[in-house]
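Residue strings, one per chain:
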Amino acid sequence: MAVIKTNDLTYTYPGATKPSIEKVSLTINKGDFVILTGPSGCGKTTLCRCFNGLVPHFYNGKLEGTLTVAGLDVAEHQIYELARHVGLVFQNPENQLFALSVEKDVAFGLENFAMPREEMRKRVEWALKMAGISELAERPPHELSGGQQQRVAIASVLAMQPDIMILDEPTSFLDPLGAEKIFEVINDLNKKLGITTILVEHRLDLAAKYANHVIVMDNGKVALTGSPREIFSSEEARLIGVGIPKATKLYQHLKKNGVELKSVPVTTEEAANLLREVLKNA
Amino acid sequence: MSVFEGFKFRKVSSVVHNLDPRVKFFFVLVLFVMAVLFTNFLALLVLFLVPLPFVFVAKVNRQWLRSLRGAALLAIFIFATNFIFGYFYPTSLSGITQPVDTLFEYVVLLERSVAMTLRFVVLISSFSVFFLTTSPDHLGLALQQSHVPYEFCFAFTTAVRFVPVLADEAQTIMDAQKARGLELERGNLFKRVRNYIPILIPLIVNAIRRSLELAESMESRAWGASKKRTNLYELKLKRADYVLVVISVLMLICAVYVWLFVPVPSLTTLLSL
Chain C
181 MAVIKTNDLT
191 YTYPGATKPS
201 IEKVSLTINK
211 GDFVILTGPS
221 GCGKTTLCRC
231 FNGLVPHFYN
241 GKLEGTLTVA
251 GLDVAEHQIY
261 ELARHVGLVF
271 QNPENQLFAL
281 SVEKDVAFGL
291 ENFAMPREEM
301 RKRVEWALKM
311 AGISELAERP
321 PHELSGGQQQ
331 RVAIASVLAM
341 QPDIMILDEP
351 TSFLDPLGAE
361 KIFEVINDLN
371 KKLGITTILV
381 EHRLDLAAKY
391 ANHVIVMDNG
401 KVALTGSPRE
411 IFSSEEARLI
421 GVGIPKATKL
431 YQHLKKNGVE
441 LKSVPVTTEE
451 AANLLREVLK
461 NA
Chain W
7 MSVFEGFKFR
17 KVSSVVHNLD
27 PRVKFFFVLV
37 LFVMAVLFTN
47 FLALLVLFLV
57 PLPFVFVAKV
67 NRQWLRSLRG
77 AALLAIFIFA
87 TNFIFGYFYP
97 TSLSGITQPV
107 DTLFEYVVLL
117 ERSVAMTLRF
127 VVLISSFSVF
137 FLTTSPDHLG
147 LALQQSHVPY
157 EFCFAFTTAV
167 RFVPVLADEA
177 QTIMDAQKAR
187 GLELERGNLF
197 KRVRNYIPIL
207 IPLIVNAIRR
217 SLELAESMES
227 RAWGASKKRT
237 NLYELKLKRA
247 DYVLVVISVL
257 MLICAVYVWL
267 FVPVPSLTTL
277 LSL
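Residue numbers (this note's numbering), protein chains in the order written: chain C, 181 to 462; chain W, 7 to 279.
Treat the hints loosely; a few may be bogus.
Derived CB-CB ranges, DEER-like [stated by the list, open to error]:
1. C:H382 x W:A165: 28 to 36 Å
2. C:H382 x W:S232: 31 to 39 Å
3. W:V171 x C:P194: 42 to 50 Å
4. W:S20 x C:H382: 45 to 53 Å
The set of hints was computed from the structure by calculation and includes no laboratory data.
Note that beta-carbon positions come from the ideal geometry of N, C-alpha and C, so glycine has one too.
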């Protein structure tokens with residue numbers, strides 16, 4: 181079932197001469213884990229902003245084509261209406277936390293919905309637990325590490341119980357270990373709660389294994405869309421400069437040199453198993 | 007900016023910290039009014055002693071001392087101005103006539119100037135006790151429950167939240183500009199102020215960019231979804247709060263009574279009796 185559907189979506193920022201995204205037609209299904217990738221400035225962030233209504237309501241500008249998110253026409257619904265269905269986590273964890281304690285930050289969206297206090301308490305505790313940061317509840321956000329801050333940001337979006345969670349390069353300010361933890365949290369939410377996840381990411385080595393759908397954008401257009409294995413092994417993805425996982429690269433190298441693995445690996449473990457098989461046969 | 011040092015909050019919990027900020031503010035306000043009422047040294051000395059138990063119970067004595075030390079320069083200035091003006095225009099003071107020449111007159115003048123300085127110290131001390139023992143979060147909440155529009159309360163708490171962030175950022179920018187050869191401690195005063203322009207501009211530009219991202223994030227989390235938003239925390243008056251209210255009111259009544267009907271002797275007359 182499609183939860184996000186766009187048709188010929190084109191958007192130009194006010195004052196810009198050239199559209200940032202052009203004729204984007206996409207379908208994202210409920211429960212999908214989507215990786216959205218492509219070179220810097222290709223329109224990934226703009227597309228994310230479309231999904232929760234920041235475009236066109238916050239940025240103005242010209243939006244053409246149709247866009248339905250969770251059954252709502254984005255052009256006709258305010259950002260706060262969409263916020264009940266779509267949560268957006270930004271790149272810089274520091275700039276999306278504005279309260280003086282973690283729990284207060286997580287409660288921010290719920291306060292805006294005018295939720296009664298007791299219910300809000302429960303929700304906040306639940307969200308903190310899901311993000312694995314229950315012990316940080318009363319700490320001030322600026323004292324936390326980048327990884328912890330980003331998990332607070334995820335919890336604060338999660339507390340609103342959205343159907344769709346969009347994460348715009350959530351790990352670019354983090355170290356590899358912090359990044360891996362974030363991916364695990366996201367994957368948990370996707371698999372356990374069935375939240376449709378859209379992850380914008382450059383470094384695919386860590387994230388690729390969780391996804392079941394990859395979208396590659398280039399120059400404001402959707403260049404490729406399909407399953408991870410299909411996309412990563414394609415020649416086009418390499419030419420665009422997608423950060424193809426090393427396991428998949430190894431597969432391509434071997435193939436060029438006459439060694440054919442049975443299927444396309446995405447993770448190191450898969451590659452190892454496939455290699456073992458080939459070596460046994462040889 | 008050592009004067010502001012005493013106004014920085016550190017997260018601690020004590021009886022004083024847990025008092026309702028509105029009640030604490032009322033208490034400080036009463037002290038403030040009393041300090042303005044009296045010009046007498048002995049009365050002001052008593053006022054100086056009143057908030058001291060709070061300082062020790064809340065264990066903020068070090069920060070409190072630091073904020074007093076920060077105010078020292080200004081206090082000396084106030085003392086000097088009072089002394090010099092009292093010397094040249096003694097008409098406003100009782101018991102002194104121009105020219106000030108006897109030892110007694112000097113002592114009266116001295117007591118008077120000390121009293122004025124003490125008044126300033128009382129104000130600084132009581133306000134710093136308030137700010138040292140009230141978390142900005144509580145303060146924002148108090149504002150909100152006093153029917154200040156939420157936008158203002160939000161702006162206040164967010165400003166407090168971003169002070170350390172901006173301080174860090176200023177340091178980073180300073181380091182970056184120094185690495186490119188900017189010399190901050192060079193030249194006369196005017197030149198030194200101008201040296202800070204390459205620090206200020208990136209700092210302001212970054213702050214604006216940051217605020218845009220903040221706005222985006224707020225919008226994404228349903229800012230403005232309902233007219234009357236709720237709050238995770240709520241301030242409720244507890245027993246200790248009522249006690250403090252009663253103490254404050256009693257203090258105020260006593261002070262007004264003394265001010266109206268009881269002439270408080272000056273230290274000098276008391277000692278010369």
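Now for the hints, and whether the structure bears them out:
Look at H382 (chain C) against A165 (chain W): about 34 Å separates their beta carbons, and that is inside 28 to 36 Å. Against the hinted window of 31 to 39 Å, the Cβ-Cβ separation of H382 (chain C) and S232 (chain W) comes to about 38 Å, which satisfies the hint. Taken as a hint, the range 42 to 50 Å is violated for the pair V171 (chain W) and P194 (chain C), whose Cβ atoms sit roughly 29 Å apart. Under the hint 45 to 53 Å, the C-beta atoms of S20 (chain W) and H382 (chain C), about 48 Å apart, fit the expected range.
In this structure, the one hint that does not hold is number 3.
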